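**Q** Residues per chain, in single letters:
Number of protein chains: 2
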Amino acid sequence: MVTLAEVAKRARVTAATVSNVLRNREKVKPETVERVLAAINELGYRPNLNARALAEGRSPTLALMLSNITNPFYPEFVLAAERAARKAGFFLMVCNTDDNADIGRAYLNQIAGTLAEGMLVMNTDIEINELCVSAMNNAPILLAMWEHPEAPPALPCVAVEFAKAGALAARHLLELGHRKIGMLVGDGSGGLQDARHDGFAAEVARAGLRIDAAAVMRTRDSIDAGYAACVQLMAAQPDLTAIFATNDLMAIGAVQALITLGRVVPNDVSVIGITDIQLARQVHPPLTTVAIDTTAIAELSVTCLIEQIERPRQPPKMVIAPPPVLIVRASTRAPARG
Amino acid sequence: MVTLAEVAKRARVTAATVSNVLRNREKVKPETVERVLAAINELGYRPNLNARALAEGRSPTLALMLSNITNPFYPEFVLAAERAARKAGFFLMVCNTDDNADIGRAYLNQIAGTLAEGMLVMNTDIEINELCVSAMNNAPILLAMWEHPEAPPALPCVAVEFAKAGALAARHLLELGHRKIGMLVGDGSGGLQDARHDGFAAEVARAGLRIDAAAVMRTRDSIDAGYAACVQLMAAQPDLTAIFATNDLMAIGAVQALITLGRVVPNDVSVIGITDIQLARQVHPPLTTVAIDTTAIAELSVTCLIEQIERPRQPPKMVIAPPPVLIVRASTRAPARG
DNA sequence: CTGAAAGCGCTAACAT
DNA sequence: ATGTTAGCGCTTTCAG
Chain A
1 MVTLAEVAKR ARVTAATVSN VLRNREKVKP ETVERVLAAI NELGYRPNLN
51 ARALAEGRSP TLALMLSNIT NPFYPEFVLA AERAARKAGF FLMVCNTDDN
101 ADIGRAYLNQ IAGTLAEGML VMNTDIEINE LCVSAMNNAP ILLAMWEHPE
151 APPALPCVAV EFAKAGALAA RHLLELGHRK IGMLVGDGSG GLQDARHDGF
201 AAEVARAGLR IDAAAVMRTR DSIDAGYAAC VQLMAAQPDL TAIFATNDLM
251 AIGAVQALIT LGRVVPNDVS VIGITDIQLA RQVHPPLTTV AIDTTAIAEL
301 SVTCLIEQIE RPRQPPKMVI APPPVLIVRA STRAPARG
Chain B
1 MVTLAEVAKR ARVTAATVSN VLRNREKVKP ETVERVLAAI NELGYRPNLN
51 ARALAEGRSP TLALMLSNIT NPFYPEFVLA AERAARKAGF FLMVCNTDDN
101 ADIGRAYLNQ IAGTLAEGML VMNTDIEINE LCVSAMNNAP ILLAMWEHPE
151 APPALPCVAV EFAKAGALAA RHLLELGHRK IGMLVGDGSG GLQDARHDGF
201 AAEVARAGLR IDAAAVMRTR DSIDAGYAAC VQLMAAQPDL TAIFATNDLM
251 AIGAVQALIT LGRVVPNDVS VIGITDIQLA RQVHPPLTTV AIDTTAIAEL
301 SVTCLIEQIE RPRQPPKMVI APPPVLIVRA STRAPARG
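Residue numbers (the working numbering), protein chains in the order written: chain A, 1 to 338; chain B, 1 to 338.
Don't take every hint at face value.
Same chains, same label: a pair holds when it works inside one copy or across any pair of copies.
As the list claims (entries may be wrong) - No farther apart than 25 Å at their CA atoms in a straight line, the calculated lysine to any residue pairs in the SDA-like style are these: (1) K87 - D98; (2) K180 - E6; (3) K164 - I40; (4) K87 - N100; (5) K87 - T61; (6) K180 - R46; (7) K87 - D99; (8) K9 - A55; (9) K87 - V28; (10) K9 - N109; (11) K87 - R46; (12) K29 - T14; (13) K87 - R105; (14) K317 - N41; (15) K27 - R313; (16) K9 - R311; (17) K164 - E6; (18) K27 - I327; (19) K9 - V133.
Hints listed in this document are in silico derivations from the structure and should not be mistaken for laboratory results.
Just so it is clear, the structure is predicted and the values come from calculations on it, not from any experiment.
Kindly generate the complete structure, drawing on both the sequences and the hints.
**A** Listed below in structure tokens is the structure:
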């Protein structure tokens, strides 16, 4: 490994000067800069980031902790977060907890405050309180997708108005004329997707209607689970004309299930989801959904975390993400007459 | 930040002893161990991994570089690699190059040999030669999915017998009785999926048949691109009874396209892919495909990389992944008579 | 079994 | 404008 000292020797200066060349473009004579740069090149020198982090007392990396990268929503988020981090001069280290709180804790203990300067946390099975303790002892932690804007947590966060998303979905279905609506409520790591459910139900209530409790299925947040739940749901409530899923994955599963059951989507049954993951556009029929601005959330998260890093010990701040937007595609339409 | 020294002070020993407690379970008197552990606990001490890495001259992390985490294949690989790395006591740092060779180079320069002890490289736009140079100067690099087992590269790698996968797909289609077969050949980052194409073509030739060059479409490796290419293909060659895609994503896109075109899958047209990503099971109809053992490849990659790290300067070794396996689902069947 | 001391590669005052 | 000097927090001989 080529070190600073070797470069310095070759350029006939001291380590300090090389270090200066490496950051301050000023205060070193152009001629010397030249010589140092040449030495760096000839030797193929690369700074040791560990040593630098140790000396500087900070490291140029951010961590992103998520429960399972295999959920198609996360890669989209990771991509956006990584871009934002890079733009700000940080690496992004993805920590997959594999749906295991212990692994999450291990990451928290080991990484936060040493390998990474701060941590973005998506839904994990770790309690907020526990996260707070980590945040106290180590690096700042930001909740990247807080589902309850009305109740700011004790940690900085980016809040997403999921209740509003649910309401938009409800309004769309109601305006189309649907009255018999089933619900698939997701239970991913991070708990039930309550806000979405409640927002939907509230909007329905506002229209003077209500959802039959028997038409609400709680299930894991995945295509497979959505499929299975939908099959069950349609068996129990065969006259539903529309299904709202709190997440695109379940919605996509529901569409598959309906097709298998011989129901035409959207002619016989409409389906709407939340998130607008890429896949929502790519399935057939393309899914009507309420879009969450993943990119914006990722960027806000990174920005806020960096802010926390630069100005620590601030009171936790909650930032609200751009509001959700209804995206009408081909999986919803007015119910058939009769 | 709590340091070793503070722990030492509190436990009335020196840093060296604390350090010993932290690794050697022996050579420290149980009584002292007790005291040290207590101090660690009371103070909430967490070792600084940068300092440790600097002192030890190595760091407990592996890097995985890939072109775009948004391609659904990668998350599955990441998950498996992360598990394998964790089992071996390493963190896994995911580096997304965003399909940009310059970003890839930046990661290579910065990370390899300092933040990470070695790097797993999936298809990226960086040339092997360039990687070799990095491998020389810095940490070991392993090609995690080499497509040409017959031509070992200058770097250690895990090779996947994609030609065999293509051949299996061909045999399946031929055995079903298909003769008019179209092909969607992917052109992801990392170049054309030649081996798969060639393996397929060779098997067809062995049966005394051949694929019409006009029935071969080259396109980007994604659902959307597969959709578009399939639409084009069916317009040009309306009498195809089967489509082979070198990748599940394109195959899934093709299925969607066929449905849109009013062709029933598999009754009118059969579709087969390669890889067996999760989604292949979750679409409707479930996709027949040739499975690549992603988990095994990830585990082998991690194992081999660690081997390289522990015994550097070995001649590059090529490990062959378990052979591909045909998975028959519902997207293929014998062609209709006439 | 424990302590003292050197050093990993780099940065950041402070001198010159 | 450049050199000197001290660490950053930890590991690791080497003594005692």
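**Q** The structure should be examined with respect to each hint, and the outcome stated for every one.
**A** Structure-based check of all given hints:
1. K87 - D98: between (28 Å within a copy, 13 Å between copies)
2. K180 - E6: neither (76 Å within a copy, 66 Å between copies)
3. K164 - I40: neither (55 Å within a copy, 47 Å between copies)
4. K87 - N100: between (31 Å within a copy, 14 Å between copies)
5. K87 - T61: both (12 Å within a copy, 23 Å between copies)
6. K180 - R46: neither (64 Å within a copy, 56 Å between copies)
7. K87 - D99: Between copies only: 16 Å across, 30 Å inside.
8. K9 - A55: both (21 Å within a copy, 23 Å between copies)
9. K87 - V28: neither (27 Å within a copy, 48 Å between copies)
10. K9 - N109: between (40 Å within a copy, 22 Å between copies)
11. K87 - R46: within (21 Å within a copy, 30 Å between copies)
12. K29 - T14: within (14 Å within a copy, 45 Å between copies)
13. K87 - R105: between (28 Å within a copy, 16 Å between copies)
14. K317 - N41: neither (45 Å within a copy, 30 Å between copies)
15. K27 - R313: neither (34 Å within a copy, 41 Å between copies)
16. K9 - R311: neither (38 Å within a copy, 31 Å between copies)
17. K164 - E6: neither (60 Å within a copy, 50 Å between copies)
18. K27 - I327: neither (55 Å within a copy, 66 Å between copies)
19. K9 - V133: For K9 and V133, only the inter-copy Cα distance (24 Å) is at most 25 Å; the intra-copy one is 46 Å.
Hint check: violations occur at hints 2, 3, 6, 9, 14, 15, 16, 17 and 18; the rest are consistent with the structure.
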